[in-house]
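Given the sequences, and given the hints that come with them, work out the whole structure.
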Amino acid sequence: MKLYVDTQSKQVQVTKDPAPKNDPTGGNQKTEKGTGRPLWSTQVFVLDETGGEIITITTAGEKPGVTVGQLVAVEQLEAIPWATNGRNGVAFRAISLKPKAGTSAAK
Numbered sequence: 001m002k003l004y005v006d007t008q009s010k011q012v013q014v015t016k017d018p019a020p021k022n023d024p025t026g027g028n029q030k031t032e033k034g035t036g037r038p039l040w041s042t043q044v045f046v047l048d049e050t051g052g053e054i055i056t057i058t059t060a061g062e063k064p065g066v067t068v069g070q071l072v073a074v075e076q077l078e079a080i081p082w083a084t085n086g087r088n089g090v091a092f093r094a095i096s097l098k099p100k101a102g103t104s105a106a107k
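Heads up, the sequence shown is in full-length UniProt numbering, so the first residue is 1 and it goes up one at a time.
Please keep in mind that the hints were generated in silico from the structure rather than gathered at the bench.
The model shown is predicted, which means the values in this text are computed figures rather than measured ones.
There are no misleading hints in this set.
Below are the DSS-like pairs computed for lysine-lysine, each with C-alpha atoms no more than 27 Å apart in a straight line:
{"#": "1", "residue 1": "Lys63", "residue 2": "Lys21"}
{"#": "2", "residue 1": "Lys21", "residue 2": "Lys10"}
{"#": "3", "residue 1": "Lys98", "residue 2": "Lys30"}
{"#": "4", "residue 1": "Lys10", "residue 2": "Lys98"}
{"#": "5", "residue 1": "Lys98", "residue 2": "Lys63"}
{"#": "6", "residue 1": "Lys63", "residue 2": "Lys2"}
{"#": "7", "residue 1": "Lys30", "residue 2": "Lys2"}
{"#": "8", "residue 1": "Lys16", "residue 2": "Lys100"}
{"#": "9", "residue 1": "Lys2", "residue 2": "Lys100"}
{"#": "10", "residue 1": "Lys2", "residue 2": "Lys21"}
{"#": "11", "residue 1": "Lys21", "residue 2": "Lys98"}
{"#": "12", "residue 1": "Lys33", "residue 2": "Lys2"}
Per label pair, the in silico range of CB-to-CB distance:
{"#": "13", "residue 1": "Lys33", "residue 2": "Val90", "range": "17 to 23 Å"}
{"#": "14", "residue 1": "Asn22", "residue 2": "Glu49", "range": "34 to 40 Å"}
{"#": "15", "residue 1": "Arg93", "residue 2": "Gly65", "range": "17 to 23 Å"}
{"#": "16", "residue 1": "Glu32", "residue 2": "Ala79", "range": "14 to 20 Å"}
{"#": "17", "residue 1": "Arg87", "residue 2": "Thr15", "range": "22 to 28 Å"}
{"#": "18", "residue 1": "Ile95", "residue 2": "Phe45", "range": "18 to 24 Å"}
{"#": "19", "residue 1": "Ile54", "residue 2": "Lys100", "range": "15 to 21 Å"}
{"#": "20", "residue 1": "Glu49", "residue 2": "Pro20", "range": "30 to 36 Å"}
{"#": "21", "residue 1": "Val90", "residue 2": "Asp23", "range": "19 to 25 Å"}
{"#": "22", "residue 1": "Asn28", "residue 2": "Glu49", "range": "40 to 46 Å"}
Beta carbons are placed, not taken as given, at the ideal position from N, Cα and C, and that holds for glycine.
As structure tokens, this is what we get:
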């Protein structure tokens, strides 16, 4: 089962430029299973009426064309629960991150 997060009523702002998602040794960029497309990590701040949270979103393919401070549209944000070696959390994956036309947050 896939768990999707509705981002329509949320403000999503880039807080760290997209960077290659590297393997645990930090040497090679990870790729998407099945397609071989490179994976990218982008840190964002998500704000709604209940408050805000910083999350990292993984995308596959071309490097997202977004920069720090931009408000972005997130296409199909998926929450992926995980548990490994006694640790657990939620990873986030999206089809794309795109700048919202004519918007940027005040610095």
